[in-house]
Amino acid sequence: MYGLGILKGLGVTIRHFIDTYKNDVFYGFNKGKPAEEFGVRQGTKSEGIYTVQYPDEKVAVPERFRFTPFLVVNDADHPDAPGEDWCTSCGICSKVCPPQCIWIVRGTDPATGRPVPQPEAFFIDIDICMNCGFCAEFCPFDAIKMDHDYEMSNYDRTSVNIHDKERLSKPFSYYRSIAPTTAEEEADARGGWEHTDVIKEKKKAEAAAAKAAAAAAPKPAAVPVAEATADAAPVAEAVTAPAPEASADDEEQKKAERLAKREAALARKKAKGE
Amino acid sequence: MVDYEVQAPPTTGSAQDAAAYLKAKFPGAVSDDTRPGFQGVIVEAGKLTEVAQAIRDELGYNYLSSATAVDYHGAGDHMEMVYHAYRISGGGALNFKVQTDREKPVIPSLVSLYPGADFQEREAYDLYGIHFSGHPNLKRILMWEGFEGHPMRKDWKEAYYEGEAKPFDSRWPSGWVHRAEEKNIYGSNVRYPADFDLSKLADRSDEAVYSSASIGVDYQRMTDPDDIRTDQLVVNMGPHHPSTHGVFRMVLKLDGETITGLEPVMGYLHRNHEKIGERNTYLHNIPFTDRLDYISSMGNNFGYVMAVEQLMALGARYTAPTYRSEVIRVLMAELTRIVNHLWSIGFFLNDIGAFFTPMLYANAEREKILDFFEATAGSRLMCNYMRFGGVFKDLPERIRSTANLMNDKIRDYNTMEFLSDMINERLPRFLEEYDRYLTGNEILLERTVGQGVLSAQDAIAMSCAGPLLRGSGVAYDVRRADPYSIYPELDFDIPVGKQGDLFDRYKVRMDEMHESLRILRQLLPRLEQTKGEDIMVGTKAYSPRIPQGEAYGRVENPKGELGFYVVSWGDAKGTQNPWRYHVRAPSFINLTALGPMSVGQKVADVVAILGSIDIVLGETDR
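Those protein sequence lines, which keep their order, are chains A and B.
Under my numbering, the first residue of the first sequence carries the number 1, and numbering increases by one thereafter.
Under my numbering, the first residue of the second sequence carries the number 1001, and numbering increases by one thereafter.
Next up, chain B with everything else stripped away, as it sits in the complex (with noise of 0.2 angstroms):
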């Protein structure tokens, strides 16, 4: 036994020091998570509450990134809860980990502690079927009430379900072609319990929310007709709302125009794509992840890539993506935030009433950086340019169009003449007038200045990231507080708002932009330097060797931090899948304090609220 002398907590120590601490303080409650190739400690769930408290208050890891659950079903056969929490002074991360039985899975909830675990626990009990003692609103997020099952368990199996992993033996070498739906109509994944009742079929969601904490209405008196009261009004808003947009719902409850209560509900474009990801290969992934937030599909793209590479820097044979290519990475995410923003605030502009015109300004210069990457990557949005240990191709000599039957109108560029018109004359220009353009309107003012405050404690509590976090006062960037790629040697300022009302959030937008483009006006000359190195680490190789362990790759998305999970079991279990894989969506956990700052507001202030956020439906609801 080695004895643990408890010292003075460390608040900007390592993780290692902390966890050092943890074991000394609470003997026999935490451990090492000694599996090879994984971090952090193991919690016992009975104390995670008391190693939570210590964790966030003694310790100083106040920021929650990621809470999400892991079933090991036929390895150890027991589920775990994996949390990620930083300090929001920066540094590295701080993994703790419970586990729990599968069949009885109960965990208390850290909702208390770190309020940006609400919407996480709920997903992982939606998903995973994890009971959280002590959540208050503890019921399905994504999946409707009445949903059978708990689809990211191991066993559970989709409709037209058709191997544990691709590729699929029926595609090759004799793949006669057939449609998922004619050999399987319904499909025998579909089952009813052998005592349903078919007429009693029944989504219980609108019951569900009606009746959840923020809301809080009598569900029965609500849609008894004999009974008509006026004093209080639930509103609907979305899902197919042009302001919520994609397809999501608001449940307000309103005081005349004043909201009381907000719900916000979602999943209405849920496609599993953590499902989709555990049954795809590595490289699969890859154009799976443009598919999440689809207006910043490089930036998921690098967090991905970044992932697996800390997962296949576990191994022997390692080499880290060139120099080349991690320029090519910064350029494309730099850019990416850009047309991220510029999109960002012309839809704003849009919910708060100056229709279209400011949006059309926006994108009018998004499509030339679209341009940029549809001659590098080959497409405009669904990008699937980064490859793990570099980028797909080299920037294209020429942004040209090629002539061919269908295409008569021809472009032709030089495409470093073309990035350094854009980079330095262009964007500024265009920055500059829309700065002057906007920024001074008083019609704007009105409607931001004040609006929506999220106070910065509450930001952090609600593990808000991106501009949102930042427009509170936070100079929370991972570009500074964990740094990755050449992020280190570039030289750039973190825009932070003063109140953080609606018009931080968007005045942070506006300088970040700027920001973007200083750090690409320093990317050009190394650009320039670096022409003819390699792109890539190594041969491509479309089934790459990933070694046992677990890894979390976190970059600074244009809409907030956005985290992959991955678990992998290396060649233990003979498949080059990921065991795990799991999305920190900023989009979807950022919505956390959607109801808290609309409360007190009117309803034509929710729509500009849920515009500051920022939101895409591809990455909220996964």
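Isolated chain A (complex conformation) (with noise of 0.2 angstroms):
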């Protein structure tokens, strides 16, 4: 019959129409929908058309979402080393940088005029930015991260949307509440919550502090005694010499010096941000 398949396409219609509201009515049009619905909504196994009411409703991110990357810094309350840069300016984010649009520049020490693993300045063009993740990706120290925040719109190209390293940098905990389980798979990898270096520098000194340990324990008989202790007593001083005292002060004064540094920094950014 002649006109029987554009009545069975309005049939599919009209169930469409019925599903999209069933939900609605089974939740008695409650705009503020409980949580399970709207899953049930997002999953395989929803039914009708049903949009999200952006922005007043937001679709959460997966954890993998990229949009524009961040650097990680230790968190503001970080025993040691507060707010220091995880960064160390080697400078593959910017080679793989398909756009190049990270432009690093590396630290030097003023006295000696030598690199120092730490970037003097960092800037992510985020016009440019073409948010494909290889920054993130490729380095070898997990100190750049794509963001979740995609809101990010401005009446200002040419100056907002470079951003500096303050700009960038975000704590370490703000990337383990994005991405908690990709955090993990990568502190594993590393062998700890800490900075790949700092991880190296504990096992270095682990190490060492082993080997100052089995040097002085007593060897065993077998091993002529006047060797034996003519070799252990100048490594076992070497180890335990740093005097507690003297470099616990430095310390002191360096972490104090970063956490005023830091405040500094955070102090800035508010006010420019007001």
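Everything labelled a hint here was simulated from the structure, so no lab data went into it.
Check each hint, because a few of them may be wrong.
[To be verified] Straight-line alpha carbon distances no greater than 30 angstroms define the calculated DSS-like cross-link-like pairs of lysine-lysine that follow:
id, chain 1, residue 1, chain 2, residue 2
1, A, K200, A, K165
2, B, K1531, A, K45
3, B, K1047, B, K1104
4, A, K45, B, K1507
5, B, K1368, A, K8
6, B, K1139, B, K1104
7, B, K1540, A, K202
8, B, K1393, A, K58
9, A, K45, B, K1368
10, A, K22, B, K1368
11, B, K1393, A, K45
12, A, K22, A, K45
13, B, K1507, B, K1602
14, B, K1540, A, K203
15, B, K1393, A, K200
16, B, K1368, B, K1393
17, B, K1393, B, K1540
18, A, K58, A, K45
19, A, K255, A, K170
20, B, K1540, A, K170
21, B, K1540, A, K204
22, B, K1540, A, K200
23, A, K165, B, K1393
24, A, K202, A, K165
25, B, K1531, B, K1393
26, B, K1507, A, K8
27, B, K1393, A, K170
28, B, K1154, B, K1139
Keep in mind that this is a model prediction, so the values were computed, not measured.
Dock chain one against chain two, each of which comes alone in its own frame, and use the hints as you go.
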């Protein structure tokens, strides 16, 4: 019969129409929809057409979602180095960046003029960034990660969209909050929650301490006694020699300096924002 | 001298047999390409037409997949035209090349033998300045008439030119940021000839379009206000026309409501993707391929990494991608096919007047697949998922959103459950419903059956690909004809149409989605079996060493055969950037058939015909 196809099609539309409002009726047209209902509608069991009322309602993004990059720094309450950059300014992210939107100024020691593993400045031109995530993928120090904040519109193209180090830096705890599983995997790969270098140093120190301890410990009787003591004594001294008092003071001072620097930076940022 | 004996032409053998036959038949005019890593034969320019005739008629390579130019500036200083021809019955490529002078490049046109070379030769003329003697409509295609220079030539520099190759030195170690336009407001790259009169600056594109062969209007008379003629009407559809799916323009010549000529005009979205690709390193190009056909970025990634992996395979230390990564790649490619066909059918229905309801139904399903892409690759459209030797990351344990300050609504699903629900229940149910909704609809049938017919011979000759080719009854699918990845072990059919009209193309797309689901159902157990296996070969390197050579990697993308022709100079040139990076874009080459299909149809049908080709302007214009 001519027209049967059209009628069949109209049946489908009516079913879709009913399905679309079925859940609404079930939940009493509740605007603040319960989370489990949202989950059903976003999942494979949903029926009908469903619109998420952005910006009143937002679909949460998955963990691997990538928008623009940010730099990971230590938390403000980090015991040793609060606010310290994880970035070592090795430049790999700026090399793998397809549109070349990452600009890094490598830090130099003012006394010796030699490069130090810390960026003096770090810029990302967000206008040019193509959100590919290569920087985060290839960073050997897990120091640059992709952010989830996608609401970045503003009225000024020329200056606001070049993000500097202050704007880019976000604490490690923030990264753990947006990507808990990935952060854990990466920490497993590194061997701890700290920066790779810190972990390495710790391991080195541990190894050295273990070695020293082993050396200090009495050797098996088979080893000639005279040689063993002659070798072991200076090593043990060398390891334990750096007096805890002096270095601790130094560390304290450095830590205070860093904290002050961080606070000043945050204050500047705040002032700029307002 | 080897004494060749001319034998009967091998119509089924390998490309080597074909090359041997050609060398015997045309002694002196055909020789092997002996550069390390290069394949195929080099044909003398004067003999090209005869050799191509033999290739097509005697050897049976009747499907010209790709024709592109390479500029060997500073590396032999010649231009080269590279052709990849295939047999429509399947098998590998016969790769033949013609070399010509860089200063006065002239090559005989192959349009009379392979009409599919039409747009590709025009592109080579536009971007490389190669003249094709005998081409019926040799004018620029992506740039406008009056553009100075040929941008793909190695010595041509774009505005805001910064360096020959990335990474640029200004970024590190003293990367004080600047904007290109601040340093270089108009750019020293913008040059006017000494005797140039700015007041005479004119875009001659319109004149060229209106006087082209298919329109054939006397431009002088058309623009003469005293001469009013009514028997011929030229109508511009686009570039800003909702039916053109982007910035695409069709110039129609009408006799009443009937079309007597159609000239496609494109390039409004041209960004010289290939030039960017040649400045990039190999790795940089992966996210750029996402931007070609942005509906099916996973497929684009697949084609590109395959081409580069072919190059890597020329080297000494190469391991093929792991089995799990191949399974994941095919999973993504087939999901992409469904995504694309849902989109394309939805918009096709829009084009024939079923406004937005079918499209929204289809898009609701597409969204679910994109959710999976987003959870796996990090992005819904610009997936950037595949890498040389594997994929970015394994499938996540759970498709879940994480709580943070901005997002209050949480979703949490097990990935494998989500996938199997989609593949086994939701999508089949939807396709069945969609079929019931549309396929029997009398209005749809009236609009599509018998309209926009393309015969099988024409489809092959015009190098059409994908559902356009299969809708015309040619069962040519790269997944079967020249298999790659794990497709040989998968069980699926190739749906074809009967008469090559709009309905057949619609039906082929519907059936292909069912076939994709069939493939996906076979992939699920493979995913379970390989759980926990490596998804990458070796360690991830940001600058893989690519040996010298050429490669043409092609995949069956949803829109048709997507090919990447990549030439590498290896370490010889010092840099790790492709010397040539060419995209054989199905959206672009399929448009060759638009004019011939539309002539004789009504204006409203052109919209439907264009919709049935299914183009994406990001890929057409590149």
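Taking the hints in turn, this is what the structure says about them:
Distance hint between K200 of chain A and K165 of chain A is fulfilled; the C-alpha atoms sit about 25 angstroms from each other, no more than 30 angstroms. Restraint check for K1531 of chain B and K45 of chain A: the C-alpha separation of about 26 angstroms stays at or below 30 angstroms, so the hint holds. A threshold of 30 angstroms between alpha carbons decides the hint, and for K1047 of chain B with K1104 of chain B the separation of about 18 angstroms falls inside it, so the pair holds. Restraint check for K45 of chain A and K1507 of chain B: the C-alpha separation of about 27 angstroms stays at or below 30 angstroms, so the hint holds.
Of the supplied pair hints, the one linking K1368 of chain B and K8 of chain A holds, its CA atoms being roughly 26 angstroms apart against a limit of 30 angstroms. A distance of roughly 17 angstroms separates the Cα atoms of K1139 of chain B and K1104 of chain B; the hinted pair therefore holds under the 30 angstroms criterion. Note on K1540 of chain B and K202 of chain A: the hinted pairing holds, with a Cα-Cα distance of about 27 angstroms set against a maximum of 30 angstroms. Simply put, K1393 of chain B and K58 of chain A have alpha-carbon atoms about 26 angstroms apart, close enough for the 30 angstroms limit, and the pair holds.
A hinted pair counts as satisfied when its Cα atoms are at most 30 angstroms apart, and K45 of chain A with K1368 of chain B qualifies at roughly 10 angstroms. Restraint check for K22 of chain A and K1368 of chain B: the C-alpha separation of about 20 angstroms stays at or below 30 angstroms, so the hint holds. Restraint check for K1393 of chain B and K45 of chain A: satisfied, since their Cα atoms lie roughly 27 angstroms apart, inside the 30 angstroms limit. Under the criterion of a C-alpha separation no larger than 30 angstroms, the hint pairing K22 of chain A with K45 of chain A is consistent with the structure, at around 13 angstroms.
For the proposed pair K1507 of chain B and K1602 of chain B, the alpha carbon gap of about 22 angstroms is at most 30 angstroms, so the pair holds. Between the alpha carbons of K1540 of chain B and K203 of chain A the distance comes to roughly 25 angstroms, so the proposed pair stays at or under 30 angstroms and holds. Simply put, K1393 of chain B and K200 of chain A have alpha-carbon atoms about 26 angstroms apart, close enough for the 30 angstroms limit, and the pair holds. This hinted pair checks out: K1368 of chain B and K1393 of chain B have alpha carbons roughly 20 angstroms apart, not beyond 30 angstroms.
Distance restraint check for K1393 of chain B and K1540 of chain B: the Cα-Cα separation of roughly 11 angstroms lies within the 30 angstroms cut-off, and the hinted pair is therefore satisfied. Distance hint between K58 of chain A and K45 of chain A is fulfilled; the C-alpha atoms sit about 20 angstroms from each other, no more than 30 angstroms. Straight-line distance between C-alpha atoms of K255 of chain A and K170 of chain A comes to about 19 angstroms, which keeps the hinted pair within the 30 angstroms bound. Proposed proximity of K1540 of chain B and K170 of chain A is supported: the alpha carbons are some 26 angstroms apart, at most 30 angstroms.
Of the supplied pair hints, the one linking K1540 of chain B and K204 of chain A holds, its CA atoms being roughly 27 angstroms apart against a limit of 30 angstroms. Of the supplied pair hints, the one linking K1540 of chain B and K200 of chain A holds, its CA atoms being roughly 22 angstroms apart against a limit of 30 angstroms. This hinted pair checks out: K165 of chain A and K1393 of chain B have alpha carbons roughly 28 angstroms apart, not beyond 30 angstroms. In summary, the hint linking K202 of chain A to K165 of chain A is supported, as the alpha carbons are separated by about 27 angstroms, within the 30 angstroms threshold.
Only pairs whose Cα atoms come within 30 angstroms are accepted, and K1531 of chain B paired with K1393 of chain B is accepted, the gap being roughly 13 angstroms. Proposed proximity of K1507 of chain B and K8 of chain A is supported: the alpha carbons are some 18 angstroms apart, at most 30 angstroms. Taking the CA atoms of K1393 of chain B and K170 of chain A, the gap is near 24 angstroms; set against the 30 angstroms cutoff, the hint holds. The straight-line distance between the Cα atoms of K1154 of chain B and K1139 of chain B is roughly 21 angstroms, inside the 30 angstroms bound, and the hint therefore holds.
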